[in-house]
Amino acid sequence: MDKWYKLDNAARLYPHVANSNRTSVFRVSCVLHRTVNPVLLQEALDSIRKKYEFFFVRIHRGFFWNYFDINPKKLLVQSESETPCQDINKIKNAGFSLRVLYYNKRISVEIFHALSDGGGIIEFLKSLVYYYLELEGFPIPNDGSIISKEGLPELDASDDSFFRYYDDLKGLSKKERLIEKQKKAYKLQGSVFPSGGIQVTSLLLSSKALYALAKKYNTTITGYLLALLFHALFETEVKYKRTKKPVSIAVPVNLRRAFPSKTLRNFFSVINIVLPYTADDDLQELCQKVDEVLKEKTQKQYLQKQVRRTTRFSMTRWMRFAPLIIKKLFIQAGFSLMSETKRTLTLSNLGIVSIPEQMLQHISHMEVVSHLTPRCPISCSMVSTGDTTCISFSKSISDMELLHFFTSYLSQKEGLDITVYANEWGNYEM
9 MDKWYKLDNA ARLYPHVANS NRTSVFRVSC VLHRTVNPVL LQEALDSIRK KYEFFFVRIH
69 RGFFWNYFDI NPKKLLVQSE SETPCQDINK IKNAGFSLRV LYYNKRISVE IFHALSDGGG
129 IIEFLKSLVY YYLELEGFPI PNDGSIISKE GLPELDASDD SFFRYYDDLK GLSKKERLIE
189 KQKKAYKLQG SVFPSGGIQV TSLLLSSKAL YALAKKYNTT ITGYLLALLF HALFETEVKY
249 KRTKKPVSIA VPVNLRRAFP SKTLRNFFSV INIVLPYTAD DDLQELCQKV DEVLKEKTQK
309 QYLQKQVRRT TRFSMTRWMR FAPLIIKKLF IQAGFSLMSE TKRTLTLSNL GIVSIPEQML
369 QHISHMEVVS HLTPRCPISC SMVSTGDTTC ISFSKSISDM ELLHFFTSYL SQKEGLDITV
429 YANEWGNYEM
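Per the numbering used here: the sequence shown = residues 9 to 438.
Bear in mind the hints are in silico, worked out from the structure with no lab data behind them. Each hint should be verified, as a subset may be incorrect.
As the list claims (entries may be wrong) - Distance condition first, Cα-Cα at most 25 Å in a straight line; then the derived DSS-like pairs of lysine-lysine:
id, residue 1, residue 2
1, 98, 335
2, 191, 249
3, 11, 81
Let the hints inform the model, and build the full structure from the sequences given.
Written out as structure tokens, the structure is:
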């Protein structure tokens with residue numbers, strides 16, 4: 009039998025909840041200073057296939073669980089022709105669950121979330137661009153931030169770190185074992201774009217300036233941007249609506265920072281930052297409130313509980329031995345009740361991407377774009393390279409007030425120098 013892989017603990021969710029309206033496909037991109045050569049890009053992709061073998065797979069249905077096996081076909085780079093994060097057609101894409109795209113100066117990798125998370129796929133993109141530049145005639149010394157051509161040991165790259173760091177709940181009290189209860193979150197409204205289009209508006213700004221701004225408010229960059237998002241939501245949405253529903257912003261957390269792991273598979277948790285609307289809170293007070301919750305929910309002890317709870321679900325006897333069709337119904341119901349309705353939008357921060365200094369000479373910036381759902385039609389994602397931070401808003405509704413407030417606050421009130429650009433699904437003006 010050909011080599012096959014189990015889906016990791018987080019990946020088991022996505023095949024059951026993904027559809028054309030909720031694709032569970034996200035994108036990471038690298039924008040160069042020169043137009044991309046597709047022939048060299050294909051050669052670079054072929055050259056890294058062996059060390060990233062786990063990404064070149066097909067997904068199959070088993071009797072108890074879905075599983076992956078190696079796809080022997082060739083993955084072809086494609087010219088970008090659709091809006092980001094569209095459903096990956098397995099027939100058109102030769103059975104692969106990722107695609108490599110190029111458009112002008114941009115190289116993009118779009119991937120079905122069952123394969124990996126942002127922390128894993130960013131390593132793939134870094135290697136792809138590194139070897140593409142080498143083929144262009146720009147060999148760059150590897151300072152250790154790029155996975156070598158030999159790749160990681162298979163046990164590290166394909167490790168299911170959820171199970172590695174799972175320990176039983178026996179040491180916890182009944183209160184600690186309970187899943188945190190949360191009310192339904194406020195839902196953003198707006199006119200949906202036709203044909204499932206997604207508008208992406210990106211903001212480029214100095215990482216150093218953003219760090220200094222966050223420090224002024226005694227918080228982190230993530231804490232500051234969360235507070236500003238809450239401020240924007242309160243001022244443009246919530247205060248005009250008669251609702252008692254809290255605003256909840258979901259924040260994916262890279263568990264590799266808390267638990268040593270080199271896995272390229274999913275290894276993340278999602279924490280919800282929930283604040284009720286208070287008319288008197290200014291941005292400084294919101295920063296303080298957000299920072300307190302963020303510190304509590306990113307502590308290793310709290311994240312360990314998250315790993316325990318999510319992993320334990322997959323380890324129950326009935327879940328292990330129930331047929332896949334029964335699992336699917338249960339997972340879909342649980343996702344709708346316990347995840348989808350508990351958030352207003354998502355803020356995903358991939359942090360600072362570590363690459364060799366000489367690579368920065370060839371790169372303008374990186375981008376990350378998150379998928380959307382009917383329940384959460386706006387998402388915010390960010391990534392930093394060198395002194396450039398890119399904040400991207402993806403949205404499937406036409407409303408611009410939230411984005412305009414957010415951008416205007418940074419540029420006019422905080423005095424940051426910002427470059428704004430968007431795709432063809434909408435023009436944005438400051």
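Against the structure, the hints come out as follows:
1. 98 x 335: Answer holds: residue 98 to residue 335 is near 23 Å, not above 25 Å.
2. 191 x 249: It holds: about 17 Å lies between the C-alpha atoms, which stays within 25 Å.
3. 11 x 81: holds, 15 Å
Checked against the numbered hints listed earlier, the structure breaks none of them; every hint is satisfied.
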